[in-house]
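**Student:** What follows is each chain in one-letter form.
Number of protein chains: 2
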Amino acid sequence: MQNPVTVEVTRGNIVESRHRGLGIVLDGDGKSLFSFGDPDAGVFPRSACKAMQALPLVESGAADAYGFGDKELAIACASHSGEDAHVALAASMLERVGRDASALECGSHWSSDQRTLIHQARTLEKPNALHNNCSGKHSGFVCTCAHLGYEVEGYVDYDHPLQADIRATMESLTGATLGHDNCGIDGCSIPSYAIPLRGLAHGFAKMVTGQGLEPLRAKASRRLMEACMAVPFYVAGTNRACTKLMQVAPGKIFAKTGAEGVFIAALPEQGVAMAVKCEDGTTRAAESMIFALIARYFDKDGDTHAQLMAMANHSLKNWNGIEVGKVRVTDALFS
Amino acid sequence: MQNPVTVEVTRGNIVESRHRGLGIVLDGDGKSLFSFGDPDAGVFPRSACKAMQALPLVESGAADAYGFGDKELAIACASHSGEDAHVALAASMLERVGRDASALECGSHWSSDQRTLIHQARTLEKPNALHNNCSGKHSGFVCTCAHLGYEVEGYVDYDHPLQADIRATMESLTGATLGHDNCGIDGCSIPSYAIPLRGLAHGFAKMVTGQGLEPLRAKASRRLMEACMAVPFYVAGTNRACTKLMQVAPGKIFAKTGAEGVFIAALPEQGVAMAVKCEDGTTRAAESMIFALIARYFDKDGDTHAQLMAMANHSLKNWNGIEVGKVRVTDALFS
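These protein sequence lines are chains A and B, in that order.
Residue numbering for the first sequence follows the working numbering, beginning at 89 and increasing consecutively.
Residue numbering for the second sequence follows the working numbering, beginning at 89 and increasing consecutively.
Everything labelled a hint here was simulated from the structure, so no lab data went into it.
Remember, predicted model here, so these are calculated numbers, not experimental data.
Possibly wrong hints are sitting among the right ones.
[Unchecked claim] Cross-link-like lysine-lysine pairs, in silico, BS3-like; alpha carbons within 27 Å at most: (1) A:Lys405 - B:Lys340; (2) B:Lys340 - B:Lys307; (3) A:Lys340 - A:Lys307; (4) A:Lys214 - B:Lys119; (5) A:Lys307 - A:Lys119; (6) B:Lys214 - A:Lys214; (7) B:Lys307 - B:Lys332; (8) A:Lys307 - A:Lys414; (9) A:Lys414 - A:Lys388.
Next comes chain A alone, as it looks inside the complex (with noise of 0.2 Å):
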C-alpha cells in the first residue's frame, strides 16, 4: 500500500518537498475513526511509547513508595531536552533510591535543543547520562528495579526482568506479539519492537478510556497521563512540541513524540487516541500530522482548533526572518 503525501514543504509558490506518512485514529473498542497511508504497517514506537514502558513503575507500586508526584511520573514519560530542571528533577528520583548517574545505562549525549545545547556548553565540561534525553524514563526503571528487588545492572538487557515486564505489558495493551523477530535496540538501550501502528494507537486508546483494562492498570494509566498533561514541561522542555500540544487545551490533549517521526496523542474527553508515522522519518512532518489529527476532534470554530491548525501549517522564515515558505498538511488528512 502506497502511504500518500500528507505533507508538504514549499519555497516561494512551489512545493521544495513531500512528506508520505500512515495514521490512524482509534475509540478505546479498537474500532478505526480514521485512517491514511497502511495503518497496519510495523513501526518502532521509539519515544512515543514511553507512557506504557512507565506502567511497571506505577503498578508496582514504586511511584508510592518513592512519593513521586506529576513531575516525577511526567518525565518518566519524557524525551526531555536536558535542561537543568529535567536533569535536578531526575537526579532527585535516584536519589530516593541511594543512587546516581552511574546506575543509567542510557548513555550520554549533548542537548539536541540549541538553546539549551549553548547553555550546557557555557556550564558543563560534558554531559552525563542524566542529561539524556531518556534520564527520567530510565531513572524510573532504576527505581522500579530498586522496588522489586530486581538487580539494578543490566535493566536495559531483553532478559532482564524488568524488560520483561514492559514487553507483557505493551503486549497486552498493543495485542502484538513482541519478541526476537520484531525487536531492535533503541538509541538509549532498551529493546524496542516494530508493532503495528494500529495497534500502537489502540493500546494508548486503552490507557485513555480504562476499556479492556483492569482495573489497576486503568488507574495507573490515568495517572501517567494526568500527570504529563498537567506539568507537561517535564515531558518535553522550553519550545519542544509535545509540551506546546498539551499547553494547547491543558488536559485535553495527551502526546508523545518518538523518533524517526512517531507522535502519538490520546484525548481523555474523546475517548479517542491517534498515532502517525513519516514515512522517512521526518519529524516535521509528523508534528504537523499529528496536529492537524487532534484538531479534527476540536470545533472547527474555537480556539483550539486554531491553534493546532495554526501548528500545523505554519511559515518558515530564513536567517533574516523573511518568510520563505511553508510546512502544510494536504487533503490526505482530511478525506
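Please build the complex by placing chain B on the supplied structure of chain A, with the hints as guidance.
**Tutor:** Frame of chain A; chain B shown alone:
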C-alpha cells in the same frame, strides 16, 4: 512519475524509514547516462549551485584583482560550518575591499555542526554574519560588487545587477528560464530558482568539461572546482560530507550539498556530472545517494569505490556506541 525508494534506514532487521529520490548523471553534451525518478522535476538547488553563483567573482576579474587563491575561491563556493578558520578567511576577503561583517546581508546563525556550536558557545556571546554558513559566498558577492562598481547595499535583491548577472550565468549553464515564476528566497536571502534536475546536472557537466562554454567561462569554472578540490575544508568543514567526499580521491571528485536533500557532483576524469534530490528533503539520504552514484564511476575493485560505498551504506550507533541499524542504498541506484 513516482520517485523510487532509494535509501532505507533499518533498525535490527526491519526497515524503519524510507527515502525516495530522483537523480541523473549527464555528460558534457547533455546526454543522460543514468537516471532514476523524474529527472525533469523542478528542484531548488539551494547551496548546491554555489560554484555557479561564484562565476562572476572570477569572470569579472575581481578574484585576480584582490589576489584570491584556492582558499578564497573555495569558501566562495562553500556552505561552511563556521569554524574559526572559515570566519577568519571570510573576514579577510571583506578587508581587501575595506568592508567588514556589517556589509553581509546573509543574516546570522549558530553553527549547525554540534562540535563547532559548542566551541562557539564557549567563545562567543552570539554569532555574527561571518559565522553564517554562506559568509564566504556573500564575501565573494561583496568583492564582486566592489570590483564592478555595483552598489554593495541590496546585493541580495532580485533586481540588483549582481543577481541579474548570476541569473544570466545560471540560465546559460542550465538551459532553464529563471524568473519570478520559479523564484524563491534562500536561507541567506538571495533568490533561489527551481530548475529541472537535468539542467542543473548539465550545467555542472559543462563546467567540469568546458563543453559548450566560451573559454573565459570554461577556465573560470575549472578554476573554481579545482580550488574546492584543492582545499575541501573550506567548502564545508571538519567531518562534513562535501569535505570528506573530496578527500576520498583528491582532484577526482567535486561535490557540493544543498539544503532540503540536494547534492551535486562532477568528475573531471570521466567528464560527467550528477545531481540528486531526496523527495522529502533529508540530508542523510541525499548523501548516501550521491556517494553511491559517484562510486559507479570508479573501479569496482579499487579503494575509492570501497570507500564511497562504505560512506553510502553505513551503520547507525546509539548513545552507548551499540550498532542499532544501518543506512543503505537500494537497487534503484544500480539498475
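**Student:** Return the numbers of the hints above that this structure violates; sort them in rising order.
**Tutor:** Violated hints: 1, 4 and 8; rest satisfied.
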